[in-house]
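Let chain A serve as the given structure and place chain B on it in line with the hints.
Chains as they are written, first to last, in the numbering used here: chain A, 1172 to 1557; chain B, 156 to 424.
A couple of the hints might just be wrong.
Each computed BS3-like pair below joins lysine-lysine, with the alpha-carbon atoms no more than 25 Å apart [said to hold, decoys possible]:
#, chain 1, residue 1, chain 2, residue 2
1, B, Lys353, B, Lys270
2, A, Lys1183, B, Lys360
3, B, Lys212, B, Lys316
4, B, Lys361, B, Lys270
5, A, Lys1406, A, Lys1392
6, A, Lys1198, B, Lys353
7, B, Lys270, A, Lys1183
8, A, Lys1392, A, Lys1347
9, A, Lys1443, A, Lys1540
10, B, Lys353, A, Lys1183
11, B, Lys398, A, Lys1307
12, B, Lys353, A, Lys1373
13, B, Lys212, B, Lys309
14, A, Lys1301, B, Lys398
15, B, Lys361, B, Lys218
16, A, Lys1443, A, Lys1393
Please keep in mind that the hints were generated in silico from the structure rather than gathered at the bench.
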Amino acid sequence: METSAHPVTPLKEVADIINEAGGEILKLCYQCGTCTAVCPWNRVRDFIVRRIMHRGQLGLIDFEGEDIWLCATCNSCVKRCPRGVEIVDVMRALRRVVTEMGIARIPDSLRLTIKNISATGNPLGEAPDKRADWAKDLDVKPYSEGTEILYFPCCIPEYDTSVRRMARAAVNILKKAGVDFGIPGSRVNCCGESVRKAGDEKVFERLARSNISVFAEMGVKKVVTSSPHCYHTFKNEYPGLGGDFEAIHLSQYLLELIRENRLNFTREINKKVAYHDPCYLGRYNDIYEEPRQVLESIPGLELVELPDCRENSLCCGGGGGRIWMETKSGERFSDMRVEQALAAGADVLAVACPYCMLNFDDSVTTMDKGNFIEIRSISELVSQAI
Amino acid sequence: MTAVRMIVCCKQVPDPEAPPESFRIDPERNRIVLTPGVSAVIDPYAERALEAALRVKDAQGGKITVLSLGTNLLPDVVRKPLSMGADELILLDDEAFAGGDSWSTAYALSMAIKKIGDYDLIFCGRQASDWDAGQVGPGIAEMLGLPLVTTARKITAGNGKATVDKITDDGYEVVEVSLPALITVSNEVGEPRYPTIKGIMGARKKEPVIWKPDDIGAESSRIGAAGCRTKMVKLFQPVHEGKCEIIEGNSPDEAIANLVTKLREARIV
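Next comes chain A alone, as it looks inside the complex (with noise of 0.2 Å):
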């Protein structure tokens, strides 16, 4: 008789440590595959997500694999799932269990940022006192206690200097519209929520205990951020370790400009745009309308709506630390959304975070798509309509 390869009694005790790292959960899954059905993956590989789902009731996941590394931790499946069972948390718990345990390789990209976040606060490695570089020339002062708004670029655009230009459109939309802001200066890190959906938990929670005093002994009562993961994390995560302040995403907060009469647009933008949802704005954070309404807000500017939108958007593949990995081509979901914004027509496809933007970036770069469509932030659209 053939014996199989693999054991099949369950391994209780890899089990209980899956559910000790927060994927409890797994236990609601009755395995009817819509998380599979959903998972953005499926539309390029294989990624048998219910499959994972069951290894991880039984304890026979496979630690040293690539596919507990792939989710972008979009948040289709959750939205979807008819048991509840959070899976992005399970997703986290068996990175958690590789991270803390040491039992397998992580991803080289993504074990070195890791490492640069941890070490000076910033995923490219930087020097901290250069966080606020990107500002140099702009006239902008480094926030005191007092000012009415922290705002917050995540350290993509103040470290990296292709995206770099969503933040400088911000900053003089903010001046225009005569807001009372400054920026982060050295003391301040990454928000963490990356090095949290990687599983790093202790790196994580010393980054936001950290920015959390500093915000508190330097008085920020409101923070404006560029990316959802910021915004999320701020707002979902931030609380329960003691972080007392509102965040609001920079489009949210745009709108409020818009409607108290403080943004004049001077400028047409005889363009057809296209607007991506990205998950931690949309699927996490319900917001929808607020970045649309911005949009529709500039004069000439005609928004269309692609096929995968709102709560169906199609993630760019930066979430859960895969803006950190490489991603074959051919299995980038950015790619296939940049495909859908140019079957819409659409000249530009406007962004609201920077993970999309470099991903989209690249896209159009490597696919040379670079004469058909343009990759613009809301922020630049409403600064060169301003």
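Chain B in isolation, oriented as in the chain A frame:
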């Protein structure tokens, strides 16, 4: 085939994968200052030394004792070799070991190895990733009067001798050495194994043995800072300067020609 009694020296170091921006030098004290987010790890070369020992154990059985020296060693870090498959962990952990150099470290480790007594093979990394001196392994061999083979990539042991593939500049040579001997292991041995969940659970049941200087009969004047034979004159970070010159030309061909001329002038091509 007889079981091999092995000792592996494992050093706790700052994570060598931490970014350069997390390292600063305090010029007054001639010391490195690390940002708090840099974690401690087992030196990657030492992990490879352990991997070499584990392969000998896999092949013919044996016992592996891991020896770590330091001050305030972190339990979560130094226990890792146990979860990878080592049998026993001895920590030389005491304030008196602080500030040592290669000589005083080799002295303390050699005294501990004398106390362990029965061994066939001692493994060290070819160097440690923090200072890259590569002197502790050879120093222990000298102090214990043992034959030494450096930069090993493969080891088989038995019948009172070990056969070692030793890395050279243009390949490797096969060296036979009588036991007991000390072998320093190079990165060419390959990736060290990851701990298994079973290994981690087994390791939790093992308590490390802690030895103080008196336990190993070490003279206080020969350990830690007191035993240093190296004097740090100056510690500094070299300044990297980059200069960029844009080579112009009226056409791409001319620009290339100008570039090649420049490279030739600089004797690069």
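Okay, the hints, checked on the actual structure:
Distance hint between Lys353(B) and Lys270(B) is unfulfilled; the C-alpha atoms sit about 31 Å from each other, more than 25 Å. In summary, the hint linking Lys1183(A) to Lys360(B) is supported, as the alpha carbons are separated by about 19 Å, within the 25 Å threshold. The straight-line distance between the Cα atoms of Lys212(B) and Lys316(B) is roughly 15 Å, inside the 25 Å bound, and the hint therefore holds. Taking the CA atoms of Lys361(B) and Lys270(B), the gap is about 20 Å. The hint holds against a cut of 25 Å.
Between Lys1406(A) and Lys1392(A) the CA atoms are separated by roughly 12 Å; this keeps the pair inside 25 Å, and the hint holds. A hinted pair counts as satisfied when its Cα atoms are at most 25 Å apart, and Lys1198(A) with Lys353(B) qualifies at roughly 23 Å. This hinted pair does not check out: Lys270(B) and Lys1183(A) have alpha carbons roughly 42 Å apart, beyond 25 Å. At most 25 Å may separate the alpha-carbon atoms for a hinted pair to count; Lys1392(A) and Lys1347(A) meet this at roughly 22 Å.
Note on Lys1443(A) and Lys1540(A): the hinted pairing holds, with a Cα-Cα distance of about 16 Å set against a maximum of 25 Å. Restraint check for Lys353(B) and Lys1183(A): the C-alpha separation of about 12 Å stays at or below 25 Å, so the hint holds. Pair hint Lys398(B) plus Lys1307(A) holds up; C-alpha atoms about 23 Å apart against a cutoff of 25 Å. Distance hint between Lys353(B) and Lys1373(A) is fulfilled; the C-alpha atoms sit about 23 Å from each other, no more than 25 Å.
Of the supplied pair hints, the one linking Lys212(B) and Lys309(B) holds, its CA atoms being roughly 13 Å apart against a limit of 25 Å. In summary, the hint linking Lys1301(A) to Lys398(B) is supported, as the alpha carbons are separated by about 21 Å, within the 25 Å threshold. At roughly 14 Å between alpha-carbon atoms, Lys361(B) and Lys218(B) fall within 25 Å of each other, so this suggested pair holds. Note on Lys1443(A) and Lys1393(A): the hinted pairing is violated, with a Cα-Cα distance of about 33 Å set against a maximum of 25 Å.
Going through the hint list in order, the structure does not satisfy hints 1, 7, 16.
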